[in-house]
Amino acid sequence: MLYQRRRTQHPNSKVEEPKLRREKRIMAKDSVLARVASGAAVGGAIGGAVGAVYGTYDAIRYKVPGFLKIRHIGQTTLGSAAVFSLFLAAGTLIRSH
43 MLYQRRRTQH PNSKVEEPKL RREKRIMAKD SVLARVASGA AVGGAIGGAV
93 GAVYGTYDAI RYKVPGFLKI RHIGQTTLGS AAVFSLFLAA GTLIRSH
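Here the numbering used here is used: the first residue of the sequence shown is 43, the next is one more, and so on.
No lab work stands behind these hints, which were simulated from the structure alone. A few of these clues could be false.
[What the hints assert, rightly or not] Listed next, with one range per pair, are the computed distances between beta-carbon atoms:
hint, residue 1, residue 2, range
1, Val74, Arg103, 37 to 47 Å
2, Leu128, Val95, 11 to 21 Å
3, His139, Gln117, 27 to 37 Å
4, Gly133, Pro107, 12 to 22 Å
5, Ile136, Ile88, 10 to 20 Å
6, Gly133, Ala70, 19 to 29 Å
7, Val74, Gly121, 24 to 34 Å
8, Leu75, Val125, 16 to 26 Å
9, Asp72, Arg113, 37 to 47 Å
10, Gly121, Leu75, 17 to 27 Å
11, Arg103, Ala70, 43 to 53 Å
12, Leu135, Ile102, 32 to 42 Å
13, Asp72, His114, 37 to 47 Å
C-beta: ideal position from N, C-alpha, C; glycine also.
Build out the structure end to end from the sequences listed, making use of the hints.
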């Protein structure tokens, strides 16, 4: 036989198939900590994107010289990401209770 057919079990059979992958769950999907962490991650992503755009605009507007431009953009990006992440995590915590 060139092709072998896979054996399938009948839906009503009592034999359980062995689990191939066993993963440990650190926290439940709908726990408060998971929601707050998700809110913080989304806040960090949005804040970082907005901070990068604003930092670039600010560096060009004030004519920041050379490599200081990159430093200025990085500081603005990280600062904006941290603040927005904190506020979105706090809002998620308040909303989840």
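Quiz item: Do the beta carbons of Leu128 and Val95 sit within 11 to 21 Å of each other?
Solution: holds (20 Å)
Quiz item: Would you say the C-beta atoms of Gly121 and Leu75 sit inside 17 to 27 Å of each other?
Solution: holds (25 Å)
Practice problem: Indicate whether the distance between the beta carbons of Val74 and Gly121 respects the range 24 to 34 Å. | Solution: Taking Cβ atoms as reference, Val74 and Gly121 lie about 27 Å apart, which means the hint holds.
Exercise. Evaluate the given range 16 to 26 Å for the C-beta pair formed by Leu75 and Val125.
Key: holds (21 Å)
Exercise. Using the Cβ atoms, figure out if His139 sits within 27 to 37 Å of Gln117.
Key: Hint holds: Cβ distance 34 Å, inside 27 to 37 Å.
Quiz item: Are Ile136 and Ile88 spaced within 10 to 20 Å by their CB atoms?
Solution: holds (18 Å)
Practice problem: With respect to the beta-carbon atoms only, verify the hint that Leu135 and Ile102 lie 32 to 42 Å apart. | Solution: holds (37 Å)
Practice problem: Please test the hint of 37 to 47 Å on the beta carbon pair from Val74 and Arg103. | Solution: Holds, at about 42 Å.
Quiz prompt | Outcome of range test on Cβ distance (Gly133, Ala70; 19 to 29 Å) | solution = holds (21 Å)
Quiz prompt | Gly133 paired with Pro107, Cβ distance criterion 12 to 22 Å | solution = violated (39 Å)
Practice problem: Indicate whether the distance between the beta carbons of Asp72 and Arg113 respects the range 37 to 47 Å. | Solution: holds (41 Å)
Practice problem: With 43 to 53 Å as the target window, see if Arg103 and Ala70 comply at their CB atoms. | Solution: Since the Cβ atoms of Arg103 and Ala70 sit about 47 Å apart, the hinted range of 43 to 53 Å holds.
Hint 4 from the earlier list is the only one contradicted by this structure; the remaining hints agree with it.
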